[in-house]
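Assemble the complex: chain E is given as a structure, and chain V must be docked to it using the hints.
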Amino acid sequence: MAPDGVSGTIARGEADVTVPRRRTGSLARLARRRSTIAFLLALPLILIIAGLVAWPATWAIYLSTLNRRMTASVGLDNYLFLIESETFRMVVWQSCFFAITAVLLKALIGFWLAHMLHTIPARGQRKWRGMLLIPWVIPPALSTLGWWWMFDPSYSSINWILNVFGFPSIPWLGTPWWARIAVVTVNVWYGAPFFMIMYLAALKSVPEQLYEAAAIDGATGLQKLLYVTLPMMRNIIAITVLFSLIVTFANYDIVRVLTNGGPRDTTHLFATYAFQVGILSGHLPRGAAVSLFMLPILAVAAFFILRGVSRRAREMM
Amino acid sequence: MDAATSAANRDFPKLYRRAGSLSRERAWALRAAYASLGFAAVIFLAPPVYMLITSLKTNAEMADQSLSPWFVREPTLEHYAAILGNPLFLGFFRNSIIVTLIVVAITMAVSVPAAFALSRMRFWGSTTLATGVFLTYLVPDTLLFIPLYQIVGSLGLLNSIWGLVLVYPTLTVPFCTWIMIGYFASIPKELDEAALIDGASWLQMLLRIFVPVALPGIIAATIFAFTVSWAAFVYPTAFITKPEAMPLTIGVVSQLVRGDTFAWGQIMAGALLAALPPVVVYVFLLDYYIAGLTAGATKG
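Sequences listed follow chains E and V, in order. Here the numbering used here is used: the first residue of the first sequence is 4, the next is one more, and so on. Here the numbering used here is used: the first residue of the second sequence is 232, the next is one more, and so on.
Honestly, I wouldn't trust all of these hints.
Here are the computed distance ranges between Cβ atoms for each label pair [what the hints assert, rightly or not]:
| # | chain 1 | residue 1 | chain 2 | residue 2 | range |
| --- | --- | --- | --- | --- | --- |
| 1 | V | Trp259 | E | Ser172 | 34 to 44 Å |
| 2 | E | Phe306 | V | Glu309 | 48 to 58 Å |
| 3 | E | Arg267 | V | Phe302 | 56 to 66 Å |
| 4 | V | Phe493 | E | Ser284 | 18 to 28 Å |
| 5 | V | Asp295 | E | Leu213 | 52 to 62 Å |
| 6 | E | Leu43 | V | Pro443 | 17 to 27 Å |
| 7 | V | Asn317 | E | Gly285 | 49 to 59 Å |
| 8 | V | Asp518 | E | Arg317 | 51 to 61 Å |
| 9 | E | Gly133 | V | Glu309 | 27 to 37 Å |
| 10 | E | Ser38 | V | Arg325 | 15 to 25 Å |
| 11 | V | Pro443 | E | Arg314 | 25 to 35 Å |
| 12 | V | Arg325 | E | Gly285 | 25 to 35 Å |
| 13 | V | Ala272 | E | Arg314 | 28 to 38 Å |
Using 20 Å as the maximum straight-line C-alpha spacing, the simulated DMTMM-like pairs for lysine to aspartate or glutamate come out as follows [as the list claims (entries may be wrong)]:
| # | chain 1 | residue 1 | chain 2 | residue 2 |
| --- | --- | --- | --- | --- |
| 14 | E | Lys227 | E | Glu211 |
| 15 | E | Lys227 | E | Glu215 |
| 16 | E | Lys130 | V | Asp518 |
| 17 | E | Lys227 | V | Glu256 |
| 18 | E | Lys207 | V | Asp518 |
Quick caveat, the hints were computed from the structure, so don't treat them as lab data. No experiment lies behind these values; they were computed from the predicted model shown. Glycine included, every Cβ here is placed at the ideal spot set by N, Cα and C.
The shape of chain E in the complex, shown without the other chains:
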């Protein structure tokens, strides 16, 4: 502060009083300014989350207790009606079947392909990875149109291949079980590349020394997989599976394009059924109730994802 001793002693009395005060004053102002700036920078985000996610979600709960014309409250009648409805029970069953089967298959196929990609020399990986991620890149509503045409009752190109090998044609979208299988197939086709990419990234992050140590101890390939790879990837696997469970459970576009819920409402998921009841039949409160049935499952999955992500963040630090 003071350039030399003399002026320092002269100025000290004043400096002692003013400098600390000015410093705390400006520090406080800086802190205030800094948090104000931070808040302002985050304000649009807060508005979007509050206004377009939190508020509608709360509104949906209120909405689901109203009657069809939204003039009076009917309590839990919408929920009770749904629980007693045969169609809705089928929707619950089909949603669970669809989500669990599809996520399991996606995870297994993705894990297998990630492993195969990891085996081949690094030079070729980019090309294969780029090719295998294509299903994930095409907007699903559009690629499902292609599948729909492949499942067409009279011109099915899949049946053509089956016939070449001597198998009979399959009524893909005509009978409940084949339609369910078709819907799961398209979802697995669309989602497996995502798992593959996630697992490949995780495989690459496993330190090579661990495998070398295991090899020195005489571990076989299977033992390396069970005791090195899987424990190291456990967190990523959990996060990816739970995340995909949420997305698959809430899936809409594939069923909408492929079967539109048919035959006889056997392939409806929560989302497509909520759309049918809420928007197409015009019973908004009951539609809201249908989609709110997803909430408990999503909440449980979200809780575990959050735990997994923060745990992984701690590990990375």
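Relative to chain E, chain V alone:
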């Protein structure tokens, strides 16, 4: 050399057999890997390739069931010409472009400053907000479309692309903010200290240091916002019933597919043209795309 090998085999039979079996194991692993990848590639690429084949066929060839559906004998571009001459389809394309560009701009303008504030400038409730951002990302659109239908309706924005511009940020902003927080958090603190000592303001710090350094993250987030708003399906299906206001996804699905005789060639040509922009972005920015995809779980 053969003599040497056999001599070695005689001297250390066990060791050499083992080494030989290891390399043989490796060769088999490679063969299995290429076989699985090749098989997967055929299955994964079959639907888009079949869409392309269909879009190039004449209607007569498509209807002839004695021919293999997997080959095209007389390729024609008539379906592409028809679809590109269809003013409705061009309208879908224009709507998609307008909505996507505005939504990407809004998303980046909201999520980059917010991520900067959340990762560097602590304020009251900032950690809760960061968790909230992630939770919001986990709320699926199919849970929100019914209340949003009412809200958008009460604003008079049903059947308008501005309704879509209003709600699409709920799909893009949470994830983009989340991965930008990850990118910003990985920038060393020494950089902002140096900037503060040089007298930079917070805004200068964001624009001059954080944005350039985190550019790969920003590109990844932009790609994500672009592909998500281009592919969005639930909201336009719920909010838009007038063909003039439809974006591509719902337009192709609902307007080209009508009546009893489907114009499959045109549907496939339309779907492929609609899928082209995200695929082009993907082909040219593959590494950023994958970085954005894996960032959510590996960086957080």
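Hints and how they fare:
1. Trp259/V with Ser172/E: 34 to 44 Å: holds (37 Å)
2. Phe306/E with Glu309/V: 48 to 58 Å: holds (55 Å)
3. Arg267/E with Phe302/V: 56 to 66 Å: At roughly 36 Å between Cβ atoms, Phe302/V and Arg267/E fall outside 56 to 66 Å, so the hint is violated.
4. Phe493/V with Ser284/E: 18 to 28 Å: Hint holds: Cβ distance 26 Å, inside 18 to 28 Å.
5. Asp295/V with Leu213/E: 52 to 62 Å: Distance hint for Asp295/V, Leu213/E holds at roughly 59 Å.
6. Leu43/E with Pro443/V: 17 to 27 Å: Holds: the Cβ-Cβ distance is about 22 Å, inside 17 to 27 Å.
7. Asn317/V with Gly285/E: 49 to 59 Å: Cβ of Asn317/V to Cβ of Gly285/E: about 31 Å, so the range 49 to 59 Å is violated.
8. Asp518/V with Arg317/E: 51 to 61 Å: Check failed, 28 Å falls outside 51 to 61 Å.
9. Gly133/E with Glu309/V: 27 to 37 Å: Roughly 31 Å apart at Cβ, these two residues keep to the hinted range, so it holds.
10. Ser38/E with Arg325/V: 15 to 25 Å: Given a distance of about 43 Å, which is not inside 15 to 25 Å, the answer is violated.
11. Pro443/V with Arg314/E: 25 to 35 Å: The hinted range 25 to 35 Å holds for Pro443/V and Arg314/E, with Cβ atoms some 32 Å apart.
12. Arg325/V with Gly285/E: 25 to 35 Å: With a Cβ separation near 31 Å, Arg325/V and Gly285/E satisfy 25 to 35 Å, so the hint holds.
13. Ala272/V with Arg314/E: 28 to 38 Å: Holds: the Cβ-Cβ distance is about 35 Å, inside 28 to 38 Å.
14. Lys227/E with Glu211/E: OK: Lys227/E and Glu211/E at ~12 Å, within 20 Å.
15. Lys227/E with Glu215/E: Roughly 10 Å separates the two Cα atoms, so the pair holds.
16. Lys130/E with Asp518/V: holds (12 Å)
17. Lys227/E with Glu256/V: holds (15 Å)
18. Lys207/E with Asp518/V: holds (15 Å)
In the structure shown, a violation is registered for the earlier hints numbered 3, 7, 8, 10, in ascending order.
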